[in-house]
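The task is to assemble the complex, starting from two chains supplied on their own in separate frames and drawing on the hints.
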Amino acid sequence: MKNGLKKWRFLPLVAALAFILSGCGEPFLSTLQPAGEVAQKQFNLMMLSVAIMVLVIIVVAIVYVIAITKFRRSKLGEDFIPKQVEGSHRLEVIWTVIPIILLLILAVPTVALTFELGDTQGMEAVDEEGNREALVVDVRANLYWWEFSYPDQGIVTGQELVVPTDENVYFNVIASDVKHSFWIPAVGGKIDTNVDNMNTFYLSFDGEKAQDADNLFYGKCAELCGPSHALMDFKVKTLSPDEFDQWVASMQEAGEQEEPTFDDETVARGYEVYQEQSCIGCHAVSPTQQIGTSQGPNMTTFGERSYTAGILDNRESEEVMAENIKNWIRNSAELKPGNEMPVYNEDTLSDEDLDALTEYLMSLKVYSE
Amino acid sequence: MSTVAQKRGFLAVLWDYLTTVDHKKIAILYLISGGFFFLVGGLEAMFIRIQLAVPDNDFVSAGLYNELLTMHGTTMIFLAAMPLLFAFMNAVVPLQIGARDVAFPFLNSLGFWLFFFGGVFLNLSWFMGGAPDAGWTSYASLSIASPGHGIDFYVLGLQISGAGTLIAGINFLVTIINMRAPGMTYMRMPLFTWSTFVASALILFAFPPLTVGLFLMLFDRMFGANFFNVSMGGNTIIWEHLFWIFGHPEVYILILPAFGIFSDIISTFSKKRLFGYAAMVFATVLIGFLGFMVWAHHMFTTGLGPTANAIFAVATMAIAVPTGVKIFNWLLTMWGGSIRFTTPMLYAVAFIPSFVAGGVTGVMLASAAADYQYHDSYFVVAHFHYVIIGGVVLGLLAGTHFYWPKMFGTMLNETLGKVTFWLFLIGFHGTFFVQHFLGLMGMPRRIWKYLPGQGLDLFNMISTIGAFFMAIAVLVLLYNIVITQVKNVRVGNDPWGDGRTLEWAIPSPPPYYNFKQLPLVRGLDPLWIEKMEGRTEMTPAEPLGDIHMPNNSFIPFVMSLGLFIAAFGAMYQIDWRESGGEEFVWSLPVLIIGMLITLGSMAVRSLKDDHGYHIHKEELMDDTDKGGKE
Numbered sequence: 000m001k002n003g004l005k006k007w008r009f010l011p012l013v014a015a016l017a018f019i020l021s022g023c024g025e026p027f028l029s030t031l032q033p034a035g036e037v038a039q040k041q042f043n044l045m046m047l048s049v050a051i052m053v054l055v056i057i058v059v060a061i062v063y064v065i066a067i068t069k070f071r072r073s074k075l076g077e078d079f080i081p082k083q084v085e086g087s088h089r090l091e092v093i094w095t096v097i098p099i100i101l102l103l104i105l106a107v108p109t110v111a112l113t114f115e116l117g118d119t120q121g122m123e124a125v126d127e128e129g130n131r132e133a134l135v136v137d138v139r140a141n142l143y144w145w146e147f148s149y150p151d152q153g154i155v156t157g158q159e160l161v162v163p164t165d166e167n168v169y170f171n172v173i174a175s176d177v178k179h180s181f182w183i184p185a186v187g188g189k190i191d192t193n194v195d196n197m198n199t200f201y202l203s204f205d206g207e208k209a210q211d212a213d214n215l216f217y218g219k220c221a222e223l224c225g226p227s228h229a230l231m232d233f234k235v236k237t238l239s240p241d242e243f244d245q246w247v248a249s250m251q252e253a254g255e256q257e258e259p260t261f262d263d264e265t266v267a268r269g270y271e272v273y274q275e276q277s278c279i280g281c282h283a284v285s286p287t288q289q290i291g292t293s294q295g296p297n298m299t300t301f302g303e304r305s306y307t308a309g310i311l312d313n314r315e316s317e318e319v320m321a322e323n324i325k326n327w328i329r330n331s332a333e334l335k336p337g338n339e340m341p342v343y344n345e346d347t348l349s350d351e352d353l354d355a356l357t358e359y360l361m362s363l364k365v366y367s368e
Numbered sequence: 000m001s002t003v004a005q006k007r008g009f010l011a012v013l014w015d016y017l018t019t020v021d022h023k024k025i026a027i028l029y030l031i032s033g034g035f036f037f038l039v040g041g042l043e044a045m046f047i048r049i050q051l052a053v054p055d056n057d058f059v060s061a062g063l064y065n066e067l068l069t070m071h072g073t074t075m076i077f078l079a080a081m082p083l084l085f086a087f088m089n090a091v092v093p094l095q096i097g098a099r100d101v102a103f104p105f106l107n108s109l110g111f112w113l114f115f116f117g118g119v120f121l122n123l124s125w126f127m128g129g130a131p132d133a134g135w136t137s138y139a140s141l142s143i144a145s146p147g148h149g150i151d152f153y154v155l156g157l158q159i160s161g162a163g164t165l166i167a168g169i170n171f172l173v174t175i176i177n178m179r180a181p182g183m184t185y186m187r188m189p190l191f192t193w194s195t196f197v198a199s200a201l202i203l204f205a206f207p208p209l210t211v212g213l214f215l216m217l218f219d220r221m222f223g224a225n226f227f228n229v230s231m232g233g234n235t236i237i238w239e240h241l242f243w244i245f246g247h248p249e250v251y252i253l254i255l256p257a258f259g260i261f262s263d264i265i266s267t268f269s270k271k272r273l274f275g276y277a278a279m280v281f282a283t284v285l286i287g288f289l290g291f292m293v294w295a296h297h298m299f300t301t302g303l304g305p306t307a308n309a310i311f312a313v314a315t316m317a318i319a320v321p322t323g324v325k326i327f328n329w330l331l332t333m334w335g336g337s338i339r340f341t342t343p344m345l346y347a348v349a350f351i352p353s354f355v356a357g358g359v360t361g362v363m364l365a366s367a368a369a370d371y372q373y374h375d376s377y378f379v380v381a382h383f384h385y386v387i388i389g390g391v392v393l394g395l396l397a398g399t400h401f402y403w404p405k406m407f408g409t410m411l412n413e414t415l416g417k418v419t420f421w422l423f424l425i426g427f428h429g430t431f432f433v434q435h436f437l438g439l440m441g442m443p444r445r446i447w448k449y450l451p452g453q454g455l456d457l458f459n460m461i462s463t464i465g466a467f468f469m470a471i472a473v474l475v476l477l478y479n480i481v482i483t484q485v486k487n488v489r490v491g492n493d494p495w496g497d498g499r500t501l502e503w504a505i506p507s508p509p510p511y512y513n514f515k516q517l518p519l520v521r522g523l524d525p526l527w528i529e530k531m532e533g534r535t536e537m538t539p540a541e542p543l544g545d546i547h548m549p550n551n552s553f554i555p556f557v558m559s560l561g562l563f564i565a566a567f568g569a570m571y572q573i574d575w576r577e578s579g580g581e582e583f584v585w586s587l588p589v590l591i592i593g594m595l596i597t598l599g600s601m602a603v604r605s606l607k608d609d610h611g612y613h614i615h616k617e618e619l620m621d622d623t624d625k626g627g628k629e
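Top to bottom, those sequences are chains P and F.
Taken in order, the first sequence gives residues 0 to 368; the numbers are from numbering that gives the first Met the number 0.
Taken in order, the second sequence gives residues 0 to 629; the numbers are from numbering that gives the first Met the number 0.
None of these hints come from the bench; they were simulated from the model.
Every residue, glycine too, gets a C-beta built ideally from N, C-alpha and C.
When the alpha-carbon atoms are kept at most 25 Å apart in a straight line, the in silico PhoX-like pairs for lysine-lysine are as follows:
| id | chain 1 | residue 1 | chain 2 | residue 2 |
| --- | --- | --- | --- | --- |
| 1 | P | K208 | P | K234 |
| 2 | P | K325 | P | K234 |
| 3 | F | K417 | P | K74 |
| 4 | P | K364 | P | K234 |
| 5 | P | K325 | P | K364 |
| 6 | F | K515 | F | K530 |
| 7 | F | K486 | F | K417 |
| 8 | F | K417 | P | K69 |
| 9 | F | K448 | P | K325 |
| 10 | F | K448 | P | K234 |
| 11 | F | K515 | F | K616 |
| 12 | P | K82 | F | K530 |
| 13 | P | K74 | F | K530 |
Heads up, incomplete: computed chain F residues facing chain P, CB under 10 Å, no partners named:
| id | residue |
| --- | --- |
| 14 | S60 |
| 15 | T136 |
| 16 | R339 |
| 17 | T360 |
| 18 | L450 |
Bound-form chain F, shown alone (with noise of 0.2 Å):
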């Protein structure tokens, strides 16, 4: 992105980004492709928009519009708003805690190639017979009746980023344990880097029973076992439990670490520390930990009885009492504060009443008995776009501008960012709140079309005006992103000139090797008790001397690619073996040499040494730590 890496031809460039293990590559990669699975998985929400505009409309046809529906959703969780969430703690993470790289920067590496061909060989399903259509739950009894190969990609697609998630979540835990700067100790660690650990730790806790359930589905379609066929003895709901024994941590995942960037946001432009920082630390891992024991909320209208629902009830509502404490101590961060407008800050605050609205009415949601109405109605839509908008890609948003100058060395146009907030804000409200009323007002989630004459039209018609806002709103972003590229108006180490943690003590973009030498931490926001000592650096913990360093490696990338190129073996040895071995014959060699490739690379990684290298003392003396080496 900057002009040394232009320089260098682009042949130079991609491959220095396809080998790459340095965590703020890693967090481009992550944004670039994150953020086109957020404009695929946001056309798609146009497309879903558009048909339900008016009743009875013939837009898409119903096929299509369930295949858009599960896309839209699988997208926007796994595809966008989560590899989003991995590009800024990439990004973020080890420069808050005053370390030069993750602890594990290979495996850093592989969990973005699996993630990213996963979400390539899910979305190739569009141009391959038709994508997954059973819903982002994929309920067992509908999945396993779907035709063609959409929920066969669905499942070995997600399979494949679930482990890259997995190996980034494990990663993250391990670097925010070990790697940390000399008195950067758990209680000094920023929200953000917080919020990071109890997500991992949700990730770590939640992704197997994803695993386990898909591979119960991966056998049932591709091998013809049996777990979810009731008339051979399999039982549908185990995988409704498992599905969401992962899938309500998986809402956790997303939300703490859009916490962590808005405690970040507020405290920085309110110039004040956290408010109740001990209190936040302790109700997210509250949060984090009460996420695994309400899954069943999900579930009310399954018939667990009357018993279970109760005691999952009471639970769901007991989350609402450390996600309250943490929304008055952001409100009594800025009280007393000195509050600036950045576009940052401007989400952030945005983010407190519609996370708040969004929260309401999950505990609405949670009251078992009136939840009879409101599931699988528009208002369970209306609810989690709430928080995940309101929450999550507020909180994406703000990270975007706030941590770009960071990441790119760049400032994002403030009027264009406030532009596109406004509109955003708009738009997600105009299109959202009014779903709420549709829900109760008899509206089905999950549905194709309306017919006219049931009271509906009207607020599906402001819904839909609300959703061309938030496009436009994107495409303007879009622009900013573009001409502050194009300008290329580089920045210093603390552009806002308002940070308080380490990531704003040195050069944007940080040099290879982040720290010349680690810093010392004194403190919470170490930089801000620096700055009110007149420094305006960090004191270093250690003299100067050689820097170990990973070498790059091309063989993340390969091992992700064997298990692409197995997972079209997997599927279409389906209709090899339908058709009596006359045509695919080409599928089972195709997944034995994929599975090679994977099983190769791991061996060449186990059996050759990689002992990476050393920056010498006297090449860190000569650079003069302006705008980073490349």
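So here's chain P without its partners, still in its complex pose (with noise of 0.2 Å):
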């Protein structure tokens, strides 16, 4: 928003209620703590009509409180006739005339930036070997899960997005069952997932606001897509771009492993588990397969992931991500309702394999330790 902040004399309205605001909420969920250049541009614009519609009430308010204590029948007496007034037309002028020039000082930055957020050009910008510069991700969102594959980069992952900070990066959304909405709200607003058609859009993360939210945002999904819509999300891990390509690259490596080797037993027992139960049929383990036509989230970084289902929270320890697991797997059904994962109960999945599973599941890493 080129000229938003130019109307000085809205600034220190802007910079008190900016002020207020910035208290609301928290640092890795909130609009109001905006976390990325599209997130300040679009807070800054908020900012700007909060402003104008602060002064529009301040206005009404001065009249209103006036005219209601003023002209009280008590205080003037029942026979008071007032003065049957046909109307103003100066009065008229004003109230129109001043209202449309509120508006056009909140439809000029409105309009600019609505353009500056759809111009998603900078996807197709390529260096001299034709190589695209941009990082594009590819969201694809589905019945309570989402996938998140980088097309150029040839890998997939599944419910933690993994961006480089301060640069633009370009999503291409769609959806593959009903209609979802991709949204972060720390760092931008969000766009549908259509089941018809591809949309496009860019969000960049600014790397110092996100060390306020321990380099984890959450991702919501904010489209009524059916019962466990509320807990459709995901999350969004940012790394420095250097770290992000180390990232790329161990993905990369992690894909042309062929046949996994294992020192300890429980997870080789775990790992047989995965394929006996055919978990393997709609959760690859490898960063390369699967790639837009998955029935459920990649795993290769599980053992990474800061949540399990996007909904329970591994962070504490090692024992409680364990304990998620088993939850999760055991409880699905009930955890995320209508999710299309089927349930592992104890004559399924018996207790020692469900240990050896998780053991397996928790050594899926690729980047960290």
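Next up, the structure:
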């Protein structure tokens, strides 16, 4: 928003409002603590509109309070017959023209920012060798889980989007079943994932602000999509550009691995269970498989996820994570009603196998130790 | 409701109401059924707020929650707000323009019964396998995927009740154009009549797109068409357009009559002519006109592109101008007046700041680039409840108190009315003010639960407490209605003492023919003009003569009942076909029988002449006009 804050007379009001509102919410979730260029510009536009609207409210409030205190019949007496005024052309013109001016002050930056945020030409820019310069992520929304694939890098991940900070990241979004909407409140406004067509937009993640949020932003589905719409959360992990390149490299490396080898027997047993129970049918464990077609989130980085299924917080300790995984496998139908994962009870999956499976799942790491 | 009616026996009264074509009785039917659905929708809202009171709550299940939120929205818009507005339109508009009834009394009755049976059908879904669960917007991809019959109930129920609404809208258009008393020019019509006129025009143009959309969905769900099936070349965005081309004017259909009620109340209790009458009329028409050009602001995040978004953003902002004109004209009507704070006036006075709050967030939402953040968050929930409760519902409550004496001949208790008012107002702001912040803090709308640790707990709790205040307020209102009708203290023509328009010149409730002699209207606020010249009644515009009246008819009820029956057949033939003709074999016959009932009653209506009857001059001379004749 080039000219938004140039409206100097709103500046003190805007600053005061921004200060008050920034106390609202959590830094990983709140639109009032913008952590990226897009969210910041939207926040500025919000504050400009709030300032104009507060101005309007103040004017209305003054006239209103005077009118309802001064002209009470209890003061004026029952017999008082007010003058039957027809109206006033001058006043009508005033309260038509002034709002138009106020709206123009808001409309100009609105239109400018709408076009600015709609401009995804940066996606097309290529370097001398014809490689795309910007990072592009394909987002596929599914009933209660998200797939994030990186077409230029040839890798895919699920539930936890990994992005570099301080650069524009471009998104192609689509839904594979019903309409959802892709929203990372602290980082920028949402865009619908239609079933009909691909939508495109961009966001950027501010490195400094990301630290306030522990480098982990919350993402939400913002369009009613079924019983577990409320639980269709995802997480966004921010890395510095260098770290991101390393992450991509380790993902690509993991994709090249052939048959896995295991030092630990339990983990090896878990791997067998994973095959026996046909988990592999929906959940690939290689970052290059089933891109854009899988029936469930890719599990390559499962052991590194901060949340299980997007809703169970793993960050406290390994034990908590193990509990979360077991809880999910046993009770996924209650934890996310209507989700398509089968439930595994004691009959279909013994406790020992579940322990082994959990060990195996927690060992699925590519980037951290 | 009156003592005369009670003496006639319950069945006689019931039959009278089932067959009535009198606009005043149809108004009461709309008020009772709309009021009932308002309570149902309110109950659904309470379940929603209880579920969200604390994080990770399991008061209701996820599927049930989606049914509740869908039915809450659908019920409140289609089955509560609109019928309650129709109640006041029916009760008041013919009186305000000095007419003996609406232009088409038979259609008036048909419109009501269609709405009623559509609403009943929709709500039967609760007892017949589950309610619709895709939101009141019923976006196509989700509603096509929704299992069970919930969405079928939605489609068929709204189709039937929508036909009733369309009929009612056309009826009011024709009535206002043709039935005005001598001297009642367009620019002398009270604002409530004007806003009814504009809202009816909006109904005429807004409901056909909904009908088309519902038909497409009906064919998709019931007969295997693929209008919204993407894999077969369909397109779901078309539903969004059709729905919002209807849906946006719909909110003006709701708010404009409320504006009209407030305009009349503010003018009445300020003892002052409406300030800037011509500007108010022009603003009403302009809001109605612009209301059709802004639907895509509900779709800013759909991906229409920056050009469409920018155009619809600016068009939406433009609506703020005529709305602002109205706000200032109301303020200036009070300014220099002599304000009496009756219960209706309290609602009107509270409406102004409440609606301004809803209006300014509307402008904020219009700002497309910023809307990417607000869209489908609790900020939107807060906004539309501020305009719909702060505007429409306060208008309905004000209208209930204001017009109650004209409709029933009794005055609601003012003290209890004020108790209701304060409880409701505090509850309303308590519930919805904090929701603005919840939205900005990252809470999406239509969520069944929120997990702890996201900073959303406190405001959700406050919001739920507010909702309980509103619920208590409604209970006090119900109590007020009951004791008022039990005490049954009759009132005269102009119980408020400040009446300015024609409805206050005749008895409360008016006799069944309304005006013994049509009044001569000599300007805006005709009764006020007469009062200022020392008269208490209108000057007649015609000598006493025979009055032509329509006959009661049971046909509208039967016609609507036929569609109600047919809807069950249309719905269960899906199961019949899916079971390969094994089960639900009755479905197709039921569909045919239902349609035959409707078509048959249409044929009877067309082939059998019904010329109505005349009230003779001599009878009118005997009638003393006191309390009306049943």
